[in-house]
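So the sequences go chain by chain: A, B, C and D. Going by the numbering used here, the first sequence opens with residue 4, and the numbers climb by one from there. Going by the numbering used here, the second sequence opens with residue 4, and the numbers climb by one from there. Going by the numbering used here, the third sequence opens with residue 4, and the numbers climb by one from there. Going by the numbering used here, the fourth sequence opens with residue 4, and the numbers climb by one from there.
Please keep in mind that the hints were generated in silico from the structure rather than gathered at the bench. Predicted, not measured: the structure shown is a model, and the values here were computed from it. Treat the hints with care, as some may be off.
Not everything, but these chain A residues come out facing chain C in the computed CB check (under 8 Å) [as the list claims (entries may be wrong)]: (1) T261; (2) G264; (3) P266; (4) L272; (5) Q275; (6) F276; (7) G278.
Ideal Cβ placement from N, Cα and C applies to all residues, glycine included.
Number of protein chains: 4
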Amino acid sequence: MSAVEYSPGETRIGFVGLGIMGEPMARNLMAAGFDVTVHNRSREAVDRLVTAGAKPAGSPAAAAAAADVVIVMLPDAADVRAVVLGENGVATALREGGLLIDMSTISAGVTRELAETLERQGVRMLDAPVSGGQQGAVDAALTIMVGGREPDFERARPILSMLGAKVTLIGECGAGQVAKACNQVIVAGTIQAVAEALTLARHSGVDPEHVRDALLGGLAGSKILEVHGRRMLDDTFEPGFKTRLHHKDLGIALEAATEAGVPLSTTALVRQFLGSLIATGDGDADHAALARVVERLSGSDEARESR
Amino acid sequence: MSAVEYSPGETRIGFVGLGIMGEPMARNLMAAGFDVTVHNRSREAVDRLVTAGAKPAGSPAAAAAAADVVIVMLPDAADVRAVVLGENGVATALREGGLLIDMSTISAGVTRELAETLERQGVRMLDAPVSGGQQGAVDAALTIMVGGREPDFERARPILSMLGAKVTLIGECGAGQVAKACNQVIVAGTIQAVAEALTLARHSGVDPEHVRDALLGGLAGSKILEVHGRRMLDDTFEPGFKTRLHHKDLGIALEAATEAGVPLSTTALVRQFLGSLIATGDGDADHAALARVVERLSGSDEARESR
Amino acid sequence: MSAVEYSPGETRIGFVGLGIMGEPMARNLMAAGFDVTVHNRSREAVDRLVTAGAKPAGSPAAAAAAADVVIVMLPDAADVRAVVLGENGVATALREGGLLIDMSTISAGVTRELAETLERQGVRMLDAPVSGGQQGAVDAALTIMVGGREPDFERARPILSMLGAKVTLIGECGAGQVAKACNQVIVAGTIQAVAEALTLARHSGVDPEHVRDALLGGLAGSKILEVHGRRMLDDTFEPGFKTRLHHKDLGIALEAATEAGVPLSTTALVRQFLGSLIATGDGDADHAALARVVERLSGSDEARESR
Amino acid sequence: MSAVEYSPGETRIGFVGLGIMGEPMARNLMAAGFDVTVHNRSREAVDRLVTAGAKPAGSPAAAAAAADVVIVMLPDAADVRAVVLGENGVATALREGGLLIDMSTISAGVTRELAETLERQGVRMLDAPVSGGQQGAVDAALTIMVGGREPDFERARPILSMLGAKVTLIGECGAGQVAKACNQVIVAGTIQAVAEALTLARHSGVDPEHVRDALLGGLAGSKILEVHGRRMLDDTFEPGFKTRLHHKDLGIALEAATEAGVPLSTTALVRQFLGSLIATGDGDADHAALARVVERLSGSDEARESR
């Protein structure tokens with residue numbers, strides 16, 4: 004069985020969690036020809052997808068009952084736990100031999116707990132968190148970091164490759180979540196560094212636009228300098244990844260780090276700054292708003308003059 | 004005069020400072036057809052370049068006496084000050100209308116001081132620090148960040164374009180040094196973030212090699228994840244940019260930040276870690292050795308087991 | 004009733020949690036003449052106290068059944084929740100009008116949850132975490148920070164004053180835990196500062212003993228410079244407060260800070276260093292072992308010589 | 004001669020630098036019966052002291068010419084260098100066998116340089132920086148940390164004991180400055196910790212006044228919690244030690260730490276926050292204003308409500 008890949012036309016997918024990530028992901032699976040049954044807490048997204056050809060399910064269990072594979076894409080561990088193990092949860096209905104793919108960002112610890120519980124009833128699990136944001140979900144261009152057994156990964160590849168441009172098996176169960184935590188650590192540290200640099204330029208009387216231009220392509224260059232640097236220069240933090248979610252994700256990373264015995268000095272510091280943004284009303288702004296924290300700690304032109 | 008670009012065949016260049024950066028840069032100018040007179044504190048590099056066709060000079064003044072343009076490429080501000088303004092310095096000999104291009108990494112403050120002094124004797128100055136390392140110098144692939152007046156920049160472009168792949172006028176005098184400081188801030192923060200992430204992966208029992216592979220190309224991807232991440236995985240910190248130089252450069256950045264009224268929280272922290280590396284004997288290692296600091300603070304396998 | 008103070012001879016106390024803090028605290032109450040019924044997960048401490056005149060109880064409920072006041076002193080929130088609300092928990096047996104005093108260090112959030120639950124069954128609650136360590140518990144010299152209603156606090160004062168030298172009503176329910184979090188934040192930051200200072204002295208070739216002596220009594224002086232400074236100089240971290248407990252407490256503080264919208268930059272950093280100590284096998288050492296982290300990042304004499 | 008202590012009635016003192024510290028110090032020496040000749044850049048303080056019985060000197064050299072001991076108390080290393088080694092400096096006039104006591108806060112490195120230069124002309128030197136602030140200077144209650152040779156220290160003790168309540172020989176030349184750097188490191192870290200704690204309390208809806216009261220006397224208690232905590236609660240940062248001076252002093256400490264191979268992680272971070280205060284116009288406020296940085300990063304009540 005493990006040798007047979009899941010495939011459009013044959014495989015039935017249950018999809019739970021139709022937020023700004025989940026909805027376009029479910030659409031991409033439908034576009035690829037998969038039979039998709041969807042469930043979501045609020046009804047509207049379900050209706051939209053049903054109009055597009057999906058089948059509706061009134062509960063996670065209902066979505067799982069008719070499925071070979073269930074994908075969940077939810078905000079946090081409490082949601083995942085409730086949807087998988089709760090009343091009318093996926094675990095009550097997914098058949099033996101079925102596969103749960105959790106694409107949410109939660110801790111590796113909770114992931115392993117869930118996998119063990121499911122294992123005992125003959126259900127397999129992959130953790131497959133993503134990076135790439137809403138646009139990546141829409142464009143099926145996500146980076147997908149997978150933890151689990153290789154045969155399960157191989158079976159699931161045709162599904163995952165409809166969702167992401169880069170799908171990697173990182174290691175055993177939970178390894179996908181560890182990779183995602185690493186991703187969030189690097190992204191946070193890099194944004195903060197770009198924020199410190201561009202604020203330094205501006206307050207030194209140098210056009211940060213020119214600095215960004217000069218640095219793109221060099222060793223300091225990165226997609227973050229390009230995209231998030233742009234947002235900082237425009238002081239426009241609308242699209243993208245929410246500060247409060249990055250704050251949550253770094254909480255997961257720091258917890259994992261405590262468990263692993265690795266101090267994350269700068270990550271812990273940046274998380275405090277993200278917390279500051281939430282506190283001051285910017286929780287829904289793009290995480291590039293870290294530049295606002297640096298700015299808030301910097302002198303205004305008037306203060307500078309009076310120095 | 005300002006309208007006439009410097010050109011091989013016509014322009015005589017004095018080059019002072021033939022270290023691991025300066026020597027290949029001088030060679031590239033010679034290869035481009037410029038008439039190059041070289042000076043260096045230790046004699047060996049001079050001899051090698053003379054063999055290759057350069058003219059030797061016994062002092063900075065001698066290198067400047069016969070030159071239209073003098074380039075200096077030196078370790079720090081004290082060296083630049085001595086070479087330019089000291090006894091037998093460039094300033095004593097460079098003719099009115101001449102141009103000094105300082106490609107060293109020093110502070111914008113000292114840069115402005117030098118420029119004002121030179122200005123008073125009719126000599127122009129550009130600050131033009133670089134990034135890209137020794138390999139970039141050899142390959143004429145440096146990123147060159149220039150501060151100064153536009154006409155001077157335009158005149159100098161044919162020279163600078165023989166040394167770098169990307170040459171940008173950032174702003175007025177000192178702006179090149181500010182951009183370089185920004186560059187070093189971003190590079191330091193990003194390396195530290197990558198170090199924290201890959202150490203987290205390894206101590207979580209996940210192959211950091213796979214994590215790096217998965218993340219390259221995504222939002223966390225960068226040349227630093229690629230190149231410095233590789234060095235961390237190999238625990239090989241031989242080639243590249245020395246920890247002690249990055250430590251020095253962040254000192255310049257933090258000083259500039261104090262002046263500009265911008266606190267650089269994570270940069271200040273990373274500088275302490277670079278200082279730790281110098282203290283423990285890794286001052287000459289590549290700055291990717293920041294991973295060793297994270298590692299040193301992390302539990303060994305034995306310690307973990309006994310927890 | 005609320006006007007009547009609890010008093011030895013009349014008030015029956017249930018005491019749950021006889022660890023290194025709880026056991027001497029229960030003994031002090033017995034010495035003051037209170038009728039004390041004790042419960043503990045492991046049996047040995049119960050036996051010791053029974054020998055000294057306490058009554059044994061087989062469960063938290065049994066300890067509460069015969070009591071006017073129940074005191075709990077437990078390692079963390081999960082323990083408190085289980086002991087209070089769990090099967091055979093305090094809440095199942097404490098009579099209406101009774102009082103629960105939670106002297107454990109847990110979050111203000113969980114505290115409020117518990118208080119609300121108890122309130123619904125007519126039971127009052129005070130949170131009353133302590134500082135002062137094992138010695139303070141033995142000597143009845145603890146600092147006790149209390150949250151709750153004033154009448155409850157007044158009724159309980161004769162009990163609390165048998166345990167601590169300084170008993171303060173900070174504010175409403177949870178306020179005691181907030182004060183304790185503040186205490187741990189200050190202690191952590193001060194220990195780290197002392198560690199950085201004394202390590203700086205030693206590696207500068209100056210006797211840190213003389214530095215500590217000179218500074219005691221001045222603005223830099225504190226009980227921490229005296230006591231923890233002493234431990235650092237002796238590199239002896241045996242007595243005192245365990246690193247892993249301080250790490251836990253700062254986790255509570257940082258969570259409270261996130262909730263309150265206050266970034267704790269240096270606290271977050273110090274917590275990482277405490278985590279490093281746990282990772283490297285020093286979790287049971289006194290928190291003054293933070294000096295070991297600073298030391299580990301510093302150059303050895305050999306490394307210094309080769310610089 | 005080295006066995007003979009300096010004494011009022013016999014010893015002539017030259018005093019250079021009559022700022023808010025130097026003036027009361029000179030007065031205390033005069034009150035003790037010493038013959039004092041004073042010099043200061045601006046004339047007013049000289050006039051005030053002459054009225055009180057001091058002799059005026061038109062230059063550091065003039066103050067030194069008639070003196071057995073010269074005390075300097077100046078803002079920074081550049082000033083000390085100029086006053087001691089510059090034109091009409093102390094070194095040009097102090098007689099062989101004389102003693103220079105530098106009570107300024109400068110680096111140990113510069114201190115050693117000066118001492119060596121003076122040594123060559125037969126003049127001895129002690130570094131003797133102080134803590135205790137203006138009030139401590141007025142009350143002769145300073146903490147004085149001394150570096151130098153024991154005989155010189157013993158000879159000078161009758162002078163220093165007229166200025167401070169606690170006078171300690173820390174070690175060889177420069178050791179006083181190292182101790183002072185340690186002092187400033189501890190004070191900075193402790194203030195920051197108190198600022199984080201009290202801000203946490205207030206934003207948690209708990210009266211920080213009660214928290215401070217409860218903590219005074221316990222392990223978290225210190226003169227800083229008492230004095231600087233008070234200032235934070237009152238949001239009044241007028242008296243005391245200026246933020247810009249503490250920022251300067253931590254610069255010295257961090258430089259010393261780099262030299263000694265000791266990373267000062269939290270100190271480096273706090274220095275950035277002090278820099279932020281300078282940038283935003285609070286450079287002349289008492290360093291307890293660090294609470295303003297924590298506050299600035301925290302949510303306002305409005306922002307909190309909208310969360």
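A closest beta-carbon separation below 8 Å is what the hint needs, so does A:P266 meet it against chain C?
holds (4 Å)
Mind checking the CB of A:L272 against every CB in chain C and telling me if the closest is under 8 Å? Status holds, d = 6 Å.
query: Does the CB of A:F276 sit less than 8 Å away from some CB of chain C?
result: holds (6 Å)
message: Using the nearest Cβ pair, does A:G264 come within less than 8 Å of chain C?
response: holds (3 Å)
Practice prompt. Have a go at the A:T261 hint: is there a Cβ in chain C nearer than 8 Å to its own Cβ?
Written response: holds (5 Å)
**Q.** Interface restraint verdict for A:G278 against chain C (beta-carbon cut-off 8 Å)
**A.** holds (5 Å)
Does A:Q275 pass the interface hint, meaning its C-beta sits closer than 8 Å to a C-beta of chain C?
holds (4 Å)
Consistency with the previously given hints is maintained throughout, with no hint failing.
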